[in-house]
Structures are given as C-alpha cells and as structure tokens.
Amino acid sequence: MATRWLSWYQRALRDHPFRTNVASGAIVMLMGDTIAQSIELQEKRNKQSTGQHMRTVRRSPLEGYDPARAAVMTSWSAVGDVPINLMLFSLINRAMQPFGIPPVASFPQSLLKGLCFFIPGVVVRMPCFIFYVTACEHVVQNVKERRPLTYDWVECMGTIGDKMHANLLTIFDRGAQLWVPVNTMTFYAIPVLYRPLTLSCVTVGWMAYLSYLQHFEEEEDGDIVSA
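Residue 21 is where the sequence shown starts when you use the working numbering, and the numbers rise one by one after that.
By construction, these hints were calculated from the structure, which means they are not laboratory data.
Be careful, since some hints might not be right.
[Said to hold, decoys possible] Calculated pairs, DSSO-like style, for lysine-lysine (alpha carbon to alpha carbon, straight line, at most 30 angstroms):
no., residue 1, residue 2
1, 164, 183
2, 64, 164
3, 64, 183
Given only the sequences and the hints, what does the whole structure look like? Please build it.
What follows is the structure, encoded as structure tokens:
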C-alpha cells in the first residue's frame, strides 16, 4: 500500500509538479498549524488550571480550534511558500550548473547546496510569511467584527513590524540549525525522487513552530479548563 501510494505521488510530482507541490504544502501547513493550535490550547488550559476557583470540565483537545487561522496559514503555502520555494530552487539549480554540481553530489557539494537553498529561502520567505499571515488575519478579524477590510491598517502595519523585529532573528537562527543539516543530508543521501516527501515530513514540525511563534502573544483569558 505504501509503495503504491509513493509511486502515485512520484507520478503526480513528475506530471503536475506545481499542483502537487501546492497540495502537499497546504496539507503540511494544515498539519503544522493544527499541532501548534493544540499545543497552545493545552498551554492555556494548564495556566488556567493553576488559577483560583476554576471550573473544570472535560473538553476535546481541539475545542477552541480556530479554523479561520488554519485557513490563513494553509493559504500561505499555496499563495507564497510553494511558489517562492519553486522559484528559488529553479534559480539556484541554474546558478549551480556552471560549477558542475550534479543532482547526486558529494558531501561538501551537498553542504554548499544546502547553504544556498537555506539563505535566500529564509531571507525572502520569512518576512513574506510574517507580513502575509499577520495582514490576512487582521482582515479576517475585521470581517468577523463587520468592519471595513482596511480598518485600523496602521496598527496592523505596526504589528507586522513588531513581529519582524521580535521573531526574524530567532527564525533565522532556528532555521539554520534545522535546515542546513536537513538540506545537506537530503542532497547527499536521499534519492532525487524521495526528496520532496522527505522535506515535507520535516516541514510539518517547522510549520508547527512557525505557527506557534507567529501567534505566541495572542492569548485570551478563560475560566474553563480541561480535566
């Protein structure tokens, strides 16, 4: 069964690379955001359980799940992450062709490719990610509260600036610790056909981290906690 599914996925990547990568990226981001939301909800309940006179009831682990947030995060994969990724991969591959670095490279060559894929990817994608998600969630909140879409846009721009100032260096640092080794080993040890799937598996955890970091300060008080 697993072999049949992998063969189907490889054919889809070969025949419809853009659509398959967009669909894969959206699924990965949805999984990552769901993990992040479940962690955040549990942390809130744990904090509430230490308060005074809290009423305790049994709740689903995902009660309080925000589907609008999940939709915004998932849309980022289709609108930004996958197109930017594919463009950067294509540009870097073309730039490396004159140096004679093959798809199956030596370890030093794989390290060079891993660095080349990481640096522009993070520098370009992460500011776009923070801007897109923060702006879209601001618009969604305006829609929920029946306000004009551009209501309080100056405050939204300030929030974007604050998030970039607070999070970008952390994302660069954590991203380097994760993606440089992952990219290097992927280029060095993983067959070409299996690389997208390998990276997608690692990306689930990375997307969960990004979603958690993006929404870290957005906490609400409540009086019902999980048993």
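Going through the hints against the structure:
1. 164 with 183: holds (23 angstroms)
2. 64 with 164: Holds, because 23 angstroms separates the two Cα atoms, which is no more than 30 angstroms.
3. 64 with 183: holds (21 angstroms)
In this structure, none of the earlier numbered hints is contradicted; all agree with it.
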